[in-house]
Amino acid sequence: MRRRRTRTGGQPIGRLVLGLLLGVTLAWAAPAGAGGYADRVVETVLPNGLKLIMLEDHKAPVVVFQLYYRVGSRNESLGHTGLSHILEHVMFKGTDKVGPEEYSKIIQRNGGRTNAWTTEDATTYYATLASDRVGVVIDLESDRMTNLKLTDEVFLPERSVIMEERRLRVDNNPVSDLFEQLSSTSYAAHPYQFPVIGWMSDVAQATLADALLHYRTYYIPNNAFIVAVGDFDHTKLGDQIAAAFGPIPSQAPPPQVRAIEPPQRGERRVEVRRQAQLPFVALAHHVPNLRANDAAALEVLAAILSGGDSARLHQELVYRSRLAREAGASYDYTNIDPGLFTVYAQPLPGKSAAAVEAALQHELQRVADAEPTPRELEKAKNGIEAQFVFAQDSLFYQAMELGEYEVAGDWRRIDDYLPAVRAVTAADVLRAARTYLRPENRTTAVLVPDPPVAAPTGADRVPKGMIN
Amino acid sequence: MRTLVPIAALAGLLVPALATGLGPTVVQETLPNGAVLLVSEQHNLPMVLVRVVLDAGARRDPSGKGGLASLTADLLTEGTATRSAQQIKDAIDFIGGALGTDADTDYAVASLQVLRKDLDTGLDLLADVLLHPAFKPEEMVRRREATLASIRADQDDPTAVAQKAFQRALYGDTPYGHPVEGTEESLGRITRADVQEFFKHWYGPGGAAIVVVGDLSVAEAREDFTRAFAAWHGPPPSPFVYPPLEEPAARELRIDKPVTQAGIVMGHLGIARANPDYETIAVMNYVLGSGGFSSRLMDSIRTQAGLAYSVASMFSANKSPGPFEIVMQTKNASVDEAMARARQQVELIRDQPVSADELQEAKRYLTGSFPLRLDSNGKIADFIAQAWFYGLGMDYADVYIQRVNAVTIEDVQRVAQAYLHPERFIEVVVTNAADTDQAPAPH
Numbered sequence: 001m002r003r004r005r006t007r008t009g010g011q012p013i014g015r016l017v018l019g020l021l022l023g024v025t026l027a028w029a030a031p032a033g034a035g036g037y038a039d040r041v042v043e044t045v046l047p048n049g050l051k052l053i054m055l056e057d058h059k060a061p062v063v064v065f066q067l068y069y070r071v072g073s074r075n076e077s078l079g080h081t082g083l084s085h086i087l088e089h090v091m092f093k094g095t096d097k098v099g100p101e102e103y104s105k106i107i108q109r110n111g112g113r114t115n116a117w118t119t120e121d122a123t124t125y126y127a128t129l130a131s132d133r134v135g136v137v138i139d140l141e142s143d144r145m146t147n148l149k150l151t152d153e154v155f156l157p158e159r160s161v162i163m164e165e166r167r168l169r170v171d172n173n174p175v176s177d178l179f180e181q182l183s184s185t186s187y188a189a190h191p192y193q194f195p196v197i198g199w200m201s202d203v204a205q206a207t208l209a210d211a212l213l214h215y216r217t218y219y220i221p222n223n224a225f226i227v228a229v230g231d232f233d234h235t236k237l238g239d240q241i242a243a244a245f246g247p248i249p250s251q252a253p254p255p256q257v258r259a260i261e262p263p264q265r266g267e268r269r270v271e272v273r274r275q276a277q278l279p280f281v282a283l284a285h286h287v288p289n290l291r292a293n294d295a296a297a298l299e300v301l302a303a304i305l306s307g308g309d310s311a312r313l314h315q316e317l318v319y320r321s322r323l324a325r326e327a328g329a330s331y332d333y334t335n336i337d338p339g340l341f342t343v344y345a346q347p348l349p350g351k352s353a354a355a356v357e358a359a360l361q362h363e364l365q366r367v368a369d370a371e372p373t374p375r376e377l378e379k380a381k382n383g384i385e386a387q388f389v390f391a392q393d394s395l396f397y398q399a400m401e402l403g404e405y406e407v408a409g410d411w412r413r414i415d416d417y418l419p420a421v422r423a424v425t426a427a428d429v430l431r432a433a434r435t436y437l438r439p440e441n442r443t444t445a446v447l448v449p450d451p452p453v454a455a456p457t458g459a460d461r462v463p464k465g466m467i468n
Numbered sequence: 001m002r003t004l005v006p007i008a009a010l011a012g013l014l015v016p017a018l019a020t021g022l023g024p025t026v027v028q029e030t031l032p033n034g035a036v037l038l039v040s041e042q043h044n045l046p047m048v049l050v051r052v053v054l055d056a057g058a059r060r061d062p063s064g065k066g067g068l069a070s071l072t073a074d075l076l077t078e079g080t081a082t083r084s085a086q087q088i089k090d091a092i093d094f095i096g097g098a099l100g101t102d103a104d105t106d107y108a109v110a111s112l113q114v115l116r117k118d119l120d121t122g123l124d125l126l127a128d129v130l131l132h133p134a135f136k137p138e139e140m141v142r143r144r145e146a147t148l149a150s151i152r153a154d155q156d157d158p159t160a161v162a163q164k165a166f167q168r169a170l171y172g173d174t175p176y177g178h179p180v181e182g183t184e185e186s187l188g189r190i191t192r193a194d195v196q197e198f199f200k201h202w203y204g205p206g207g208a209a210i211v212v213v214g215d216l217s218v219a220e221a222r223e224d225f226t227r228a229f230a231a232w233h234g235p236p237p238s239p240f241v242y243p244p245l246e247e248p249a250a251r252e253l254r255i256d257k258p259v260t261q262a263g264i265v266m267g268h269l270g271i272a273r274a275n276p277d278y279e280t281i282a283v284m285n286y287v288l289g290s291g292g293f294s295s296r297l298m299d300s301i302r303t304q305a306g307l308a309y310s311v312a313s314m315f316s317a318n319k320s321p322g323p324f325e326i327v328m329q330t331k332n333a334s335v336d337e338a339m340a341r342a343r344q345q346v347e348l349i350r351d352q353p354v355s356a357d358e359l360q361e362a363k364r365y366l367t368g369s370f371p372l373r374l375d376s377n378g379k380i381a382d383f384i385a386q387a388w389f390y391g392l393g394m395d396y397a398d399v400y401i402q403r404v405n406a407v408t409i410e411d412v413q414r415v416a417q418a419y420l421h422p423e424r425f426i427e428v429v430v431t432n433a434a435d436t437d438q439a440p441a442p443h
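Residue numbers (our numbering), protein chains in the order written: chain A, 1 to 468; chain B, 1 to 443.
Treat the hints with caution; some may be incorrect.
What the hints assert, rightly or not - Computed footprint of chain B on chain A, listed as stretches where at least three residues anywhere in the stretch have a Cβ under 8 Å from a Cβ of chain B:
1. 75-86
2. 159-172
3. 305-313
4. 317-327
5. 342-352
6. 375-385
7. 427-436
Claimed, not checked - 25 Å max Cα-Cα, derived DMTMM-like pairs, lysine to aspartate or glutamate:
8. K117(B) - D415(A)
9. K149(A) - D299(B)
10. K136(B) - D215(B)
11. K164(B) - D450(A)
12. K117(B) - E385(A)
13. K381(A) - D299(B)
14. K117(B) - E378(A)
15. K257(B) - E271(A)
16. K136(B) - E385(A)
17. K257(B) - D39(A)
18. K236(A) - E385(A)
19. K97(A) - D357(B)
20. K381(A) - D215(B)
21. K117(B) - D57(A)
22. K164(B) - D171(A)
23. K117(B) - D416(A)
24. K381(A) - D194(B)
25. K97(A) - D299(B)
No lab work stands behind these hints, which were simulated from the structure alone.
The model shown is predicted, which means the values in this text are computed figures rather than measured ones.
Every residue, glycine too, gets a C-beta built ideally from N, C-alpha and C.
Okay, chain B solo, but in the shape it has when bound:
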C-alpha cells in the first residue's frame, strides 16, 4: 500500500546528500477510504498547509447549470450539521488560520493553513466542512446574491467581458463554455437538490488527494489524517468524458461599451495538460508571448510601438484542451494596429525558425527558474497538488527540466505550426465603437 517516492530535496534542507533531484521529497500513501495522502515534511517553520484536491471542478456542471461546482464548493464553509457559518469563521479566525474552498475549471480544492500547534483544531474544521456540509437554504441565497454581484461587477472590466464572450464562442454549450462562477441565468436555475446531488457524486474520497506540507512527520500525518477522515466514504467518481467538440470557424465579435481602452482576446482551441508536446509548447510560447519582456508580442506591441501596458499569450492546459489566447488592452484608436501586430507575430513564429539565442534564453529561463517555483511551503503544496491531479508524477520537476532541455529549433517551429492557427482565430474586442471608428460587424 505504501509507496515511497524519495525524490530528493531542495539544496540546503536537512536531507541526506543522496538527494539529487529538484522537486520536494514526497511520501505517497493511500488511506483506507481510498483517498491518496501526499506528505512533504518541511520543518523550517511551525506551520502546516493542507490542500484537498477533488475531481469536482466546473467541467462537471450539468448543461444549463453553470456555476453549480463553484456554488457547492463555496457553500462547504457556510455551515455543517453541527456548526453554523459564523461558528466556522469564528473558529478558524480565532486560531489565526485560513480555511477555504474553491472550484476551478477541472478541480475543486479545500485548503487549510494553520500553526502547527493548532493542527487538531484546523483538521477538525476541515473534515467537518468536507464531510458534513448542511447547504442551508438561507446560505444558498446569500452565496447566490454574492456571486451575482460579483458577476455584475466584472462587467466594468472590458477584458473580463471579452474573455467570457471568447469562452462562449469557442466552447458553446460544452463543459468549458461557461465561467466557473456561472452566469446570471444559470445561477437562477440551480436548486438545493442540485447542490446536494453534486456533492454526493463528486466529493467522495475515491478520487481525492490530500496534500500535506509542513512541520509534521509522515507518521503523524498518516495518523492524524486517517483519524480525521475515518468517516469519509464513497466510490471513485466516474471518469470525465468531454463531449464531442467541433472547433468553430474564425470570427470577430465587437462588443460596444463606453470605454477609453479596449479589452482584446484572440485565439482558438489549445492543448490538454497531457499533451506530449506540453514542454515544447512552453518553450515556443515563451518566445511568442509568455516570456515577459523577452517575448515577441511584448517587444512588438509594447516596447516598439507603445500600444499596450500588458500583452501576453497563454495556453491554459487543462484536463481537456483549454484555450490558446492572446490577451491585451489598448486605447480604442489603436485596436486594429495592435491586433495586426499580434497576428503578424503568430504568422512569423510559424513561418520562420526562432533564433538560437531565443531558444537558449527560453530554455534557460524555464529550467533555471524552476527552484523559484518551489521556494515556499505554499508553492510546494501547489506543485504537489498539480503534479498529482494532472498525473505528472512526483518526479515531474526533473522530467520537466529534461524535456525543456531537449527542445530544438525545429521542434519549436513544428509546434508553432501544429498549435497556432491564425486562420481560425476567434477575436473578441470590447471597445467604444464610436471611438474606434469601426462598424461593430463580423468580418
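So that you can see chain A by itself, here it is in the shape it has in the complex:
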C-alpha cells in the first residue's frame, strides 16, 4: 500500500536484476514501515563530511552495508538525462587496484551479495556480507570513491548494456512507458520530469567525459553517507570506516537543485499509443512530501484507497464493478522535493479506459466529499502500524528505510512517522483529499493499445461450465 515511488515508471533501477540462487523459492515479500530508531541508531560524521548511520541488530551473523550518494536524475538536465544511472553502472569498471567487474567477484568470493540502484534522488551501492567480512566492502567502496578508472574500452560496451536495459524496461513494457510520460507531463520546471534511466537519445550520446564530470562533482565524502545494519559493534565498525574513508578530502559542495515546480492550474492529459494488450489509466496529483503537516494524512488516504483488497479502489473497480484487473494508489512520501499522489488501474479485457478513468475520478470525488468511516480510518492505521513491525524483519529493508529518510533530509524523521499517522483524524483525511486531489491539480495519462485490441473474445463469454 505504501509505495513511495510510482508503480512502474519511477521504480528504482539497478545494474542487475536481483537474484542469484539456483532452484526455486517461495517468495513472500516483506512490507513497509518505520520507527523507534533514535534510541538504537548511532550517528557519526567524519571530519570530511561523510556521515555514518549505524544500527546494531544481532539476530543473524550478517551486515548490510549501503553507501548513498546524494545524486540522481533530480540533478540532471535536458540532453544529459540518465547520467547518474550511467555512472552507477560504470562504477564497477575498476580502479588501479581492482579490475573491471572485479568488485562483484570479490564480494561474492567472500560469500556476499552486491548490487546498486539509482532513483530520482540518490544512487546507492550495497553489499550484504557475513559479519566478519564487512572490511571487504569498506576497502572497495573507499577505493572507488576517489580512484575510479574509466576508458572508452569499458565505457562504450556498458553504454550499450544500458540501452538494452532501457529496451527491456520501457520498450518492452507499455505501462512503464506510460508512467514515463506521466512524469514528464506532470512536471514543467522540476527535473522529476526526467526518467531515471534517461531518454534513449541522451544515453546513446553520453560520453566518458560526461560520466567523469558527474563522478568528480557528486562522488565526494561530503555528498555521501553510509548506512550499516546488522551484527557488528558500532564503535569498531565506525573506526574501520573512519580509517578507510577518513583520508578522502572533502570538496566544494555540488550545485544544489534550485527548481521548484509551480502550482498546476488545470488538468493535463497525455496519451501513449503503442502496441499493447490492455489500456492503462493513471491520475497523478502534486502533493507535499514528509516535511509537510499533511503528509501523514496523505499516507492514511493512500491506505484507505489501496491498503489491501478490502480498500476502496480494489473493492469498487476490481471487485464490485468488475472494470479493472488491478487498481491502486501510491504516494511519494520520502522524495526530496514534492512528488505525486497517483491512482491507477488497468481495465479488464473488453472494458474501456474511459469507464475506468471515470470510476477512478468517482473514487477521488468520494474521498473529497465525505470523511472516511471510523472503521476505515482504524483499519488504515492498523495496517500502517503492523507493517512497521513486519519491516523490521529484514535487515536490508531497515537499512533502506534509514537511507531513504536521510536522503529526504534526516533519518530521525522515521520516528515521527507512526505518531503522526496515529494523530490523523477523519477530518484531516477529508481536508487532504480536498486540497490535493482536485482535477485542476491532476495529470491524466492513458495508454491506448494501437492497433486497437480486437473485440473481446474470452472475457465476456462465460462458458457454461463456469457457473454449473
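Using the hints provided, position chain B relative to the given structure of chain A.
Frame of chain A; chain B shown alone:
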C-alpha cells in the same frame, strides 16, 4: 510421535552454545490429523509467520485443464461457508496482516503473516479458508476473468512469450507443459465441479506441512494449531507419478512480434531436486550463468560485448526434472551473435575444466552466502517449507555446505558433460523478423 530436531541456531540468537549448525532450530511434530507441524521459535519481533504447504501444485492439473490448481488456490480466500470474500479481506486488512494462497508447479502454499497479538484472529481465518472454501460461482467468474486478463497482459513481454513456448515445446502435454495459471483455452474448460474435486483430493492434512516461525513457543504452537485445525481430516494424497516423457529433438522456434528487443530462451530438460548431483550442478551453473558478474555468460555477453542487460542460466530443480534454461534479451539485430556466444560458453564448460579460481569463487559464494538466506523470519519460513517439501532434511543447511565444499574441478566437468547438451537445445526467439533479417523458419 514427537521428534526433536535440534539443529542449532544462527549465531547471536538466545540459544545455548551447544548449537553448532547453520540452519534454524526446528521442532517437528505430527498433529493428530496427520499434518506435520514444523516450528521455529524466533522471539526478536512480535510477529508470527505461517506457511501451509500442500501437494497441490500445477503438476496435479488434469490434462487439458491447466490452471485448475492455481484457480483452486486463488479461490480459497474468495469466500467460505460462513464468510464472504469481502469479509475475509476486511478481517485480515483490519489487523494489518497478510493472508494469501498460491499454487506453484509442484506445491500450493497458504501463507499468513500477523502480529503476535492477532494470531488467534489470523489462525481462525487461515483455517476457515483451508477447510471451508465455498467456491462460489460468481467468484469463479471473477477469478477467471482476472487470470485471463493477466495472461493477456503477459503477451506484451517477449521473454514471457518465449518462456511459455519453450515450456510447451519441451514438455508437450505432460504435467510441466503448461503455465501454472493455465491458458485461455484450458481455463474455459474448468468447471466448478473440477475445482471442488481438486480441493477434495489434494487439500487434506495427510500430505501437508504447517510451518510456523515467530514469537511463540513450541507448546503454544502445538496447542493453537491442533485446535485451529481439529476439524481437518483426510487421507494422504496418492503419490505423484510423472508420465513417461520423451525428450524432444533440438529445434528453433522464431515467433514474430513487433519488438525492438528480442526475448530468448534456450535449453533442455534439467534435473529433479532429489538429484544427488544437485549441489555440484549448483557450483557448475554458478560458473556458467547463475553467478551474476562472476558468471561466464554475463562476462561474454554483457561485459565483453555489451549485448544484453540481463543474461542467466538456471536449473529449475522440481520434484520431477525441471528445465535447464538460458534466458536473455538483446536488440533484434544482435540475436544471432548473443545466441552464438551462449552456445560457445556451454561448449566450453563441457570441453575444458574450470579454473581453480573459478571453482573456489563459486564454492565460497555458495557456502559463504548461506547465512544471508536465513537472515529474516520470512526467509527462515521459506527455507523450512522447502526443506520439508523436497525432503532435504532439517539439517540441510549443513549438508549443503559439506557437499558444496567437496566439489572438485573434475566433478564440475563431469556434471557439465552429463547435464548440458547443446545439441538438444530447444531455442525460442521472440523477435521482429524484419529487424533481425532472418526468415522465421526452423533450422
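- Taking only the CA atoms, is the gap from K117(B) to D416(A) under or equal to 25 Å? Holds. K117(B) to D416(A) sits at ~24 Å (cutoff 25 Å).
- Taking 25 Å as the top limit, are the C-alpha atoms of K117(B) and D57(A) close enough? Satisfied, since the Cα-Cα distance of roughly 23 Å is no more than 25 Å.
- Verify the proposed pairing of K381(A) with D194(B), using a straight-line Cα cut of 25 Å. Roughly 40 Å separates the two Cα atoms, so the pair is violated.
- Message: For K236(A) and E385(A), compute the direct alpha-carbon distance and say whether it is at most 25 Å.
- Response: violated, 33 Å
- Regarding the pair K149(A) and D299(B), is the alpha-carbon distance no greater than 25 Å? holds, 19 Å
- Message: Hint check: K117(B) vs E378(A), CA-CA at most 25 Å. Holds or violated?
- Response: Holds. K117(B) to E378(A) sits at ~16 Å (cutoff 25 Å).
- At a Cβ distance under 8 Å, does chain B reach at least three residues of the stretch 375-385 of chain A? The restraint on the stretch 375-385 of chain A holds, since 7 of its residues have a Cβ under 8 Å from chain B and three suffice.
- Item | Stated coverage of the stretch 342-352 of chain A by chain B [criterion: 3+ residues, CB within 8 Å] | holds (count 3)
- When you check the alpha-carbon spacing of K97(A) and D299(B), does it fall within 25 Å? holds, 20 Å
- For the pair supplied as a hint, K117(B) and E385(A), is the alpha-carbon distance within the 25 Å limit? Holds, because 13 Å separates the two Cα atoms, which is no more than 25 Å.
- Given pair status - D215(B), K136(B), alpha carbons within 25 Å: violated, 36 Å
- Within 25 Å, alpha carbon to alpha carbon, are K381(A) and D215(B)? Since the Cα atoms of K381(A) and D215(B) sit roughly 23 Å apart, the hinted pair holds (cutoff 25 Å).
In summary, the structure is inconsistent with hints 1, 7, 10, 13, 16, 17, 18, 24 from the numbered list given earlier, while agreeing with the others.
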